[in-house]
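K.L.:
These are the residues of each chain, in order.
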Amino acid sequence: MTIAELQLALPEIFVLSMACVVLLADLFISDQRRGLTHTLAVVTLVFAAILSLRLMMAPGEEVLAFSDTFIRDRFGDVLKVFCYLILIGVFVYAKHYLRQFGLFKGEFYTLSLFALLGTMVLISAGSLLTVYLGLELLTLASYALVAIDRKSLQGSEAAMKYFVLGSMASGLLLFGMSLIFGATGSLDLNDVSAALASGMGESMLLTVGLVFIVLGIAFKLGAVPLHMWVPDVYHGAPLPITLFLSSVPKLAALALAIRLLDNGLIELHADWQGMLIVLAALSMVLGNVVAIAQTNIKRMLAYSTISHMGFVLLGLLPATQQGYAAAMFYAIVYAIMSAGAFAVLIMLSNKGAEAENLDDLKGLAKRNPWHALMMLMLMFSLAGIPVFVGFFAKWQVIAAALSAGFTWLSILAVVTAVIGAFYYLRVVKLMYFDDPEDTEPVAAPVDFQAVLTVNGLAMLGLGIFSGGLISLCVSSF
Amino acid sequence: MLDWPLLSLLTWIPIAGAVVVAALGQRSPDLVRPLALIVALATFGLSLLLYVGFDATTAQMQFVEKTIWIEAFNIHYHLGIDGLSLPLILLNTLICVLVIIGGWRITDRPHQYMAAFLMLHALMTGMFAAMDALLFYVFFEAMLVPMFLIIGIWGGPNRIYATVKFFLFTFFGSVFMLIALLWLYLDSGSFSIAELQQHEFGLVPQIWVFLAFLIAFAVKVPMWPVHTWLPDAHVEAPTGGSVVLAAVMLKIGGYGLVRFALPITPDAAAHLDWLVIALSLIAIVYIGFVALAQSDMKKLIAYSSISHMGFVTLGLFLAFAIARNTGELTGAGLGLSGAMVQMISHGFISGAMFLAVGVLYDRVHSREISAYGGVANTMPWFAMFAVLFFMANSGLPGTSGFVGEFMVILAAFHASFWFAFAAAATLILGAAYSLWLVKRVFYGEVANDNVASLKDLDGREWLMLTVLAVFTLGLGLWPYPLIELMEPSIQNLVEHIMQSKIG
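Quick note, the sequences are listed as chains A and B, same order.
Those letters in the first sequence? Residues 1 to 477, by our numbering.
Those letters in the second sequence? Residues 1 to 503, by our numbering.
Possibly wrong hints are sitting among the right ones.
What the hints assert, rightly or not - Computed footprint of chain A on chain B; a stretch qualifies when at least three of its residues, placed anywhere within it, have a C-beta under 8 Å from a C-beta of chain A:
| id | region |
| --- | --- |
| 1 | 65–71 |
| 2 | 148–154 |
| 3 | 177–183 |
Said to hold, decoys possible - So the derived label-pair ranges between C-beta atoms look like this:
| id | chain 1 | residue 1 | chain 2 | residue 2 | range |
| --- | --- | --- | --- | --- | --- |
| 4 | B | Gln-198 | A | Val-415 | 29 to 37 Å |
| 5 | A | Asp-359 | B | Ala-293 | 34 to 42 Å |
| 6 | A | Asp-359 | B | Gln-198 | 24 to 32 Å |
| 7 | B | Gln-198 | A | Pro-225 | 44 to 52 Å |
| 8 | A | Leu-133 | B | Glu-71 | 47 to 55 Å |
| 9 | B | Trp-208 | A | Pro-225 | 30 to 38 Å |
| 10 | B | Ile-428 | A | Gly-405 | 32 to 40 Å |
| 11 | A | Ile-464 | B | Trp-208 | 29 to 37 Å |
| 12 | A | Gly-171 | B | Ala-16 | 56 to 64 Å |
| 13 | A | Trp-408 | B | Asp-3 | 46 to 54 Å |
| 14 | A | Asp-359 | B | Glu-71 | 38 to 46 Å |
| 15 | B | His-496 | A | Pro-441 | 55 to 63 Å |
Just so you know, the hints here were simulated from the structure itself, not pulled from any lab data.
Heads up, the beta-carbon is just placed ideally off N, CA and C, and yes, glycines get one too.
Build the full structure now, drawing on both the sequences and the hints.
P.N.:
Structural data, given as structure tokens:
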């Protein structure tokens, strides 16, 4: 372990230290001054972003460290920077809710920072062990976050479900990894890849191992048929936790898929491609169709997540650089979009009652025209209507799939996008065409409003100036 | 002066105006109407500069602006116009002024109403000027958003069904075009429309690409049998929305066919022209009969629009049959010119008819034909305008409605007697439903107290109807400037589509 190696992992070390600092400092902060914990967590993210940006700007290709268990590359740096930025938004949104619902405790920040650390380790994982380490750190923190409202039966039920199913998925993944390890004799992703390239390993063993790994990835992404937990957990968890789950962990799942399938198992690409096709097609169809039937907006957005993960898989399955870049763009954009959508729900939640039914959005355009406009942009972006950024995400993955010859899958994708447009339009309809039941104006703190405004306008800005983010993603591979 | 990036200004000034109008509206609602009108007038004025500076002797793209937009995919912000897009842009900016004036009395959220229309028109201008296929697609789709809101917020009782249907129909059609454009990009390495028009590829992929374009634009035109969204949308939309929809939005379908389907896939178009011609003739004749059976004035005009747009698609696809039959190209351009003239003319006439219905609806709040009778007794001036427009709709010589239809029927004779026969049937049908409506609504005894208490046009309505009447008559009596404007581009297009692209 050298100083140079430690420098590569500086953001991780920093986030770990700060997570501990936040944990300790929070013990000495009184309830009235809990805002300090929040500020400390946001400052942590800002500095982490600076550290990662410095690494990103530094020239040089992929660097391996810590006996090849840690990869520092552009893909990782870019993804981490977006994780920090999105998490800042999540913190600001969450603060408003946590205050109102009496949950404003330091645990939220500590757990989120540990989940972030897990995500970062996963993003930079160079071996099967670090992949698993990062993933478990992320998911264990997530289970606890879902149960953060101890008095809520719904929350506990969701946490239990999430824990049981998540552990099973982790088990599947671990079992798959052990089979791959058995077949190739190595844990390092690069060595696994080299071993497979040299024709090592019994094909039966590899295929079984691959199936388990793909199942594990599918569970973490929430792809059909391993999607059952998504609506229940989204529904049961408090809104800010749902908001968190739909943002940073989705980027982690993308990293999980790219590290395992591309860095490690690219030689088996003919095998995993077929599985991803099935997962992608089922997710897009089922997610979009079932979302139409939902009256609870958290469940609707959960099914919408499932369909969007289908699109991410569509970008991954050609196993081309263009495809990975498209999937990365899609995942980042999706995390930003869904953060904004859940933020609007947080804003609409009054004391004691979460806004979770579609009807709660009725007449928002009359109660709060500006934030209704932000929600409108978010919804059209989720639906994939140009000039909003969601369109550029969709067409890039479709372009990637088409260029790899998946014409019918692309056509299926665009048809499901049309089906999906219906339920996003319904949200716009409720906000703009219906009269409000509750005429009280919607209020939120200034920082919340500012972040939501940036988030909404980002749909337009990232759409019109999508060239920059596209180049950033393309240059990551 | 002509160094200005006029096309960008035409696109972005109304968008900026829309933002300002929407932002101001909350605080000073009285300011938004004049402000929106000033923006619309300024845009119209700038579009006249296009007309002044346009060189009508060449088919080259003019007023070209080109900068890189998305480098990774070689997508450009590329604008330019030729003789095919200029008339449509002029029509668009003119109609924008008229709908702003027409919406003067809107009381529900007027600032959002004005902003939505400015936005819609800006996006349509951008779309007509786009020379990059992806840029075109972005504008093409983005304009669904303001129209969705216009119908949904300010529409009639069944507006939500209508607007969702409108949105999903158009969206469904256009996603296939997206696939086709992506396929073309992967095949040719470019999204530039000019390069795609030169790109050579085989017949089978051409047919797929052509069908994708056809679905996208047929929904927009709309052609039978994907027309069902239009009557709903028209009936439920506020008057301004109906006017824009009929006058400009339907033209996007025709324009798209001219810009994409014909020149990019000429072999497939020649191969499948029978399909489009058959659908067009069905639209002309069958929808003509359907229009005859309507009891709602807006619905009648909507069906009449579908029938008249059938002429446009017929004219566009006659060229191949003419070239096959006569072996020369002179007649082939006639159908295309006729189709383009018909688009512009239908823009004025259908817009005017919807405004006329709006005038009655504002006073009586009914669109049913049976709610009226003898309107000419109480509103003589209005009746004069209305009769003129309905006459023009039935193709009266001397009005613009005659010119386009006559050119298309003439071209149809070159292709086949039976095409011309079926197309000419519409002159009778069109006259039947138009004049029957005039008889039931305007002539006869005063039917009820509502009609008896009607007041004739006010200054604002006079202004709108006069402008449209001037254009309807002007284009009918002297269509030469318009035809001259388009001639080089049409000739160029004909020569282009007659050359096989199967490499």
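K.L.:
Report holds or violated for chain A covering the region 65–71 of chain B, Cβ cut-off 8 Å, minimum 3 residues.
P.N.:
Since three or more residues must qualify, the claim that chain A covers the region 65–71 of chain B holds, with 4 doing so at under 8 Å.
K.L.:
Return holds or violated for the Cβ distance of Gln-198/B and Pro-225/A against the range 44 to 52 Å.
P.N.:
holds, 47 Å
K.L.:
Holds or violated: 29 to 37 Å for the Cβ distance of Gln-198/B and Val-415/A?
P.N.:
With Cβ atoms ~31 Å apart, the hint holds.
K.L.:
Confirm or reject the coverage of the region 148–154 of chain B by chain A under the rule of 3 or more residues with a beta carbon closer than 8 Å to the chain's beta carbons.
P.N.:
As far as the region 148–154 of chain B goes, the hint holds, because 4 residues have Cβ atoms under 8 Å from chain A.
K.L.:
Given as covered by chain A, does the region 177–183 of chain B meet the bar of three residues or more with CB within less than 8 Å?
P.N.:
The restraint on the region 177–183 of chain B holds, since 4 of its residues have a Cβ under 8 Å from chain A and three suffice.
K.L.:
Is the hinted range of 24 to 32 Å satisfied by the C-beta distance from Asp-359/A to Gln-198/B?
P.N.:
violated, 54 Å
K.L.:
Do the Cβ positions of Trp-208/B and Pro-225/A conform to the proposed distance bound of 30 to 38 Å?
P.N.:
Once the Cβ atoms are compared, 32 Å apart, the range 30 to 38 Å for Pro-225/A and Trp-208/B holds.
K.L.:
Are Ile-464/A and Trp-208/B spaced within 29 to 37 Å by their CB atoms?
P.N.:
holds, 31 Å
K.L.:
CB of Gly-171/A to CB of Ala-16/B, is that within 56 to 64 Å?
P.N.:
holds, 57 Å
K.L.:
Taking the CB of Asp-359/A and the CB of Ala-293/B, does the distance hold inside 34 to 42 Å?
P.N.:
holds, 40 Å
K.L.:
Within 32 to 40 Å: is that where the Cβ-Cβ distance between Ile-428/B and Gly-405/A falls?
P.N.:
Violated, at about 52 Å.
K.L.:
May I ask you to test the hint 47 to 55 Å on the CB atoms belonging to Leu-133/A and Glu-71/B?
P.N.:
Between Leu-133/A and Glu-71/B, where Cβ atoms are some 38 Å apart, the hint is violated.
The structure fails to meet hints 6, 8, 10 from the earlier list, while all remaining hints are met.
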